[in-house]
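Join the two chains, each given in its own frame, into one complex according to the hints.
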Amino acid sequence: MMASLPRRIIKETQRLTHEPVPGISAIPDEQNARYFHVDVMGPSESPFEGGTFKLELFLPEDYPMAPPKVRFMTKIYHPNIDKLGRICLDILKDKWSPALQIRTVLLSIQALLSAPNPDDPLANDVAEQWKVNESHAIETAKAWTRLYAMKS
Amino acid sequence: MEETSTQHSEDEDTIPYSGPGEPLEYSGTVLWHVDVEGERRWGEMHTRQISDSERCEAKKLKTEAQHMSTEENGEVPSSPEKAQLKYGELVVLGYNGSLPYGEKGRRKTRFTLFKRAAANGVKPSTHHIAKTPQASKIVADKSHHSVSYTLSRNQTVVVEYVRDEDTDMFQIGRSTEPPIDFVVIDTVPGNKTAEDCKVQQSTISRFACRIVVERNPTHTARIYAAGFDSSNNIFLGERATKWKRPDSSMDGLTTNGVLIMHPTGGFGQECKAGVWREVSVCGGIYSLRETRPNPQRGKLIDDESNVLHDGTLIDLCGATLLWRSSAGLQKTPTHKHIEELRKEINAARPQCPVGLNTLAFPTRSRTTKVTEEKERQPYVYLNCGHVHGHHLWGQKENENGDRECPMCRTVGPYVPLYMGNEPAFYVDCGPPTHAFCPCGHVCSEQTARYWAQVPLPHGVHAFHAACPFCATQLTGEQGFIKLIFQNDIGT
Chain W
6 MMASLPRRII KETQRLTHEP VPGISAIPDE QNARYFHVDV MGPSESPFEG
56 GTFKLELFLP EDYPMAPPKV RFMTKIYHPN IDKLGRICLD ILKDKWSPAL
106 QIRTVLLSIQ ALLSAPNPDD PLANDVAEQW KVNESHAIET AKAWTRLYAM
156 KS
Chain V
34 MEETSTQHSE DEDTIPYSGP GEPLEYSGTV LWHVDVEGER RWGEMHTRQI
84 SDSERCEAKK LKTEAQHMST EENGEVPSSP EKAQLKYGEL VVLGYNGSLP
134 YGEKGRRKTR FTLFKRAAAN GVKPSTHHIA KTPQASKIVA DKSHHSVSYT
184 LSRNQTVVVE YVRDEDTDMF QIGRSTEPPI DFVVIDTVPG NKTAEDCKVQ
234 QSTISRFACR IVVERNPTHT ARIYAAGFDS SNNIFLGERA TKWKRPDSSM
284 DGLTTNGVLI MHPTGGFGQE CKAGVWREVS VCGGIYSLRE TRPNPQRGKL
334 IDDESNVLHD GTLIDLCGAT LLWRSSAGLQ KTPTHKHIEE LRKEINAARP
384 QCPVGLNTLA FPTRSRTTKV TEEKERQPYV YLNCGHVHGH HLWGQKENEN
434 GDRECPMCRT VGPYVPLYMG NEPAFYVDCG PPTHAFCPCG HVCSEQTARY
484 WAQVPLPHGV HAFHAACPFC ATQLTGEQGF IKLIFQNDIG T
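Here the protein sequences line up with chains W and V, keeping their order.
Numbering of the first sequence is given in this note's numbering, commencing with residue 6 and proceeding in unit increments.
Numbering of the second sequence is given in this note's numbering, commencing with residue 34 and proceeding in unit increments.
Here chain V stands alone, though its shape is the one from the complex (with noise of 0.2 angstroms):
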């Protein structure tokens, strides 16, 4: 790897927000610094090593989280009796209402946008060119925001952005750092434990995307790539994706990319998955490059935006958001709507067909191991759907551990069943008698038949569906599997 001048040689080095190889340094002045020893620069997918210093940011994170007040966290207003006027939520595919490993101060599965009590935003102003973004004293000055594109060694186009008394900011990345308000890591399928969740290598950029909200009605909620980093600015280096757009202002992608994809008939029960675009630093958006770090842009999709609908997907290479706004939120089930849920089809006696015991969904915490609530557990047969107790019956000689169902003989894997806990994921209050295959979390037919049908983005150019509630591929003709439960008849 060769390392020619200190100064933005690779994209890595100029774009904060571009995965590996993090910038460095800039004219002697630190912006921060990051292990890149044994980085890959250009690869099909750019992955990091999870470095010591971020560890130590990881620890800071954690006494962060001890002392932070609830008003640094951005969350609640400087007068708490005042009503807090909410956007909007972002909740993390894959988590199922917490993380494994506890949520803390910023990082978390949801992350509630509040009216900030005091605008925040920032919009483009004027531009200039200088020499290199150190040259800039815009850029310098950390109380102003600018984003720089690097077009040569010796020419950058520097960007000016401005306080905008009717916005507010809010910033998504992988850091830890201060402007980070929403700390999201790399989902790892399928994650029950802590240990699940250590993930070697990030290809989420620390200052990943920015969300602007209008402060007055109607709140209209914006996504733009990058964030801006701890100096208030962001980089687009000499090998950045960037371009001039025909008002001669200048645009730029991020290395991975910030795609999303809008839901087509409102998030509801009507919902069908919509096309993944692009959206570039200036909030364009585009058709998807031919893979996420392919330095050829996509076409320009003029007759969309980059306005967060309900329902709309968010994904930063490793981890996928879902925006539910603020009405939206209004017609998704509770948490108190999905215990009731479950209380209700527990209460309908279901039954195991061959030890004829009643079977019940456990409550949330599946860390109670108590040997009741194990002997109850229902089980399914993918294949089919029937829902049994555990048992041993019918085990197959194959590598799968599969199953023949005692109710109709089909074979096919036997997996545990667990409740869909995370509400925002739900597109409608429906009850619990469908099932995602392979993992086995239960929710309402539609939620389970709009996700089966969305791809998500996986890897650099490969699209699955996945089970929102743990991340896990969908197998299987569907996706998913329509319950079928014995009830008490007998006695």
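The following block holds chain W by itself, in its conformation from the complex (with noise of 0.2 angstroms):
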């Protein structure tokens, strides 16, 4: 399977195992090398701290040239999130660049955590409440991230 792989994905899969982030892990799938399993630490000092959160990353076929499918599998209480797990985010999108990889989406997405921007909404009740009631809304992800990310 990996042999047919671009050299690009097989060193980024690579260095992925070898020097992981801190707070994030992709583990690609056995049966398919451009879909990955991937675990991303909630960050401390926000809603989510304390919450593993687990996402698929698919890498079309066009990558690099085309963004990675990234989606949130476990239920977020995030304003650039939907219920489906689809992420609000540039780099996803129109602001891809081939010089990002793997890893700089990871980052990027953890860093969305960190700081959620309800001014681009893609859940836009989720939003409203952040805007309407901050101090709720932080609440309120903080509990789902109690019920739904904190599954031993």
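These aren't lab readings, by the way, just hints derived from the structure by calculation.
Check before you lean on any hint, since a few could be wrong.
To be verified - Heads up, simulated SDA-like pairs for lysine to any residue below, C-alpha to C-alpha not over 25 angstroms straight-line: (1) V:Lys407 <-> W:Ser9; (2) W:Lys100 <-> V:Cys417; (3) V:Lys407 <-> W:Arg13; (4) W:Lys100 <-> V:Pro446; (5) W:Lys100 <-> V:Arg442; (6) V:Lys376 <-> V:Gln479; (7) W:Lys147 <-> W:Gln106; (8) V:Lys515 <-> V:Glu247; (9) W:Lys74 <-> V:Cys417; (10) V:Lys305 <-> V:Trp426; (11) W:Lys100 <-> V:Trp426; (12) W:Lys98 <-> V:Glu430; (13) W:Lys156 <-> W:Lys136; (14) V:Lys429 <-> V:Asn416; (15) V:Lys515 <-> W:Ser102; (16) W:Lys100 <-> V:Gln479; (17) W:Lys88 <-> W:Gln19; (18) W:Lys98 <-> V:Lys376; (19) V:Lys429 <-> W:Asp95; (20) V:Lys148 <-> V:Glu247.
Given the structure is predicted, the values throughout are model-derived calculations rather than measurements.
Written as structure tokens, this is what we have:
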């Protein structure tokens, strides 16, 4: 399977394995080397602290000319992530550059957890809450983290 | 084009080195013959068609190269076991170490001036007035050197030049005739192949200039406009710019002129471009004419001289030569140095941030089109300096084929990088960290900085900075860019 992969994907995978990013793990699927099982730790001092969020990451055929497809599998209360786990992040869309990598994408997602941006919402109801009553929204996010992201 | 009498009715007929309309016949004696059909006599720029006779000459040169002994080449003294004394080197700007069509005989990108086995210099001696150059015995006598200044149809000042046992003379020009030691043809910017180098018209004089070097230390080298032809004559025709000097001796300028520029601060890290001047037939220094073939001479600059310094540029209108003194060459990197620097940069394993593959600067011969080498070829985004491998991302829909840099999103040209391989153009031995825009020739920072601020004569009155390795006019804010490599941090 690995043999037919572009050198770039092989190198990225090797580096993710040998030098993992702190707080992030990305493991390629045994059946499909373009599909990664990702765990992102909720950043400290964020409502998601203590949680482990599962994501799926898929490298399309034209990667790295096109961005990877990434989705949260774990339910999360965040203004830029919707019910289906889709993420509103510019580098995954029009701001993609082939100089970005799986690790930089995952770091950006981790940063998004630290700094929710309700002005560019994907989940409108969550964003509204975040704007109207931020402390309440943060409480909800903490509760969801305990509920969905801390299953041992 | 009116053809009056056969004799110097035009300057071109009487000045062998004036570019267009080369000399034809003198009193029935054919000095040489060039097809002048279809030539402009006085235009903005004197250009001429390369004639059939010249093509023959080119062929001759080829054969000559095969048969010519090194001694005839004027480079090796008769006793090869004796250590050769090197005066200096002339290097043509715009070539990266070799001619795209191969180095042949006296036609090459660099010419080394060695001390000759026997002195062949000449110096001005007596002058006399003749009715015409042909009427002068000195001119007719091929064993004597002379410069003729035709003042009017029936008055010519002939200055006899006599042997000078203390100097060696080296002549440069487009002609392939024996008196020319270094044959120089017009430089085509960005030339890569022999095909690119074909020039239909030339503005370089057949006998463009001469360099006279003192045989004894300090081996001072001086440059003079015009060279002696096969009959050892220089003719300044009726229409050539000429004048009587205060000491009542004659001096003159050639049609397109020989320009020189001495860099200030010595050719090295601290050097800056100097001011371009014109050198006369007698070696006087003048400010530039309004346009190159303008009949009005510039102002005499009497505190400057025609002595060549390390780094002096000589412009022959069509090709620019760099003079490197023997001492200067000692400080300059060698081919081996540059090869080491290339290997060093490759050893750092620069990486393409997109392909994540290791990049490598190819070896000198560009002909090797190995796929692997092609894959490893470094490219640069000229507006930001980020070095990448080859890929197709970020192509813009504009006609320049601009690309968006994946690292910083700056939009601009994206070109392959090649080492600047001609060591003589380096002002120091610094690492190859900078590249010229838009050609992508890589060299040291100080080298890039120096050449980017040197205005090189271009056409009749324009100047522009150009890459010394390919003569391409520099673009962008600075004309060069600092390269940003991504080194192999992974795996």
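List of violated hint numbers, smallest to largest: 7, 8, 9, 10, 13, 16, 17 and 18
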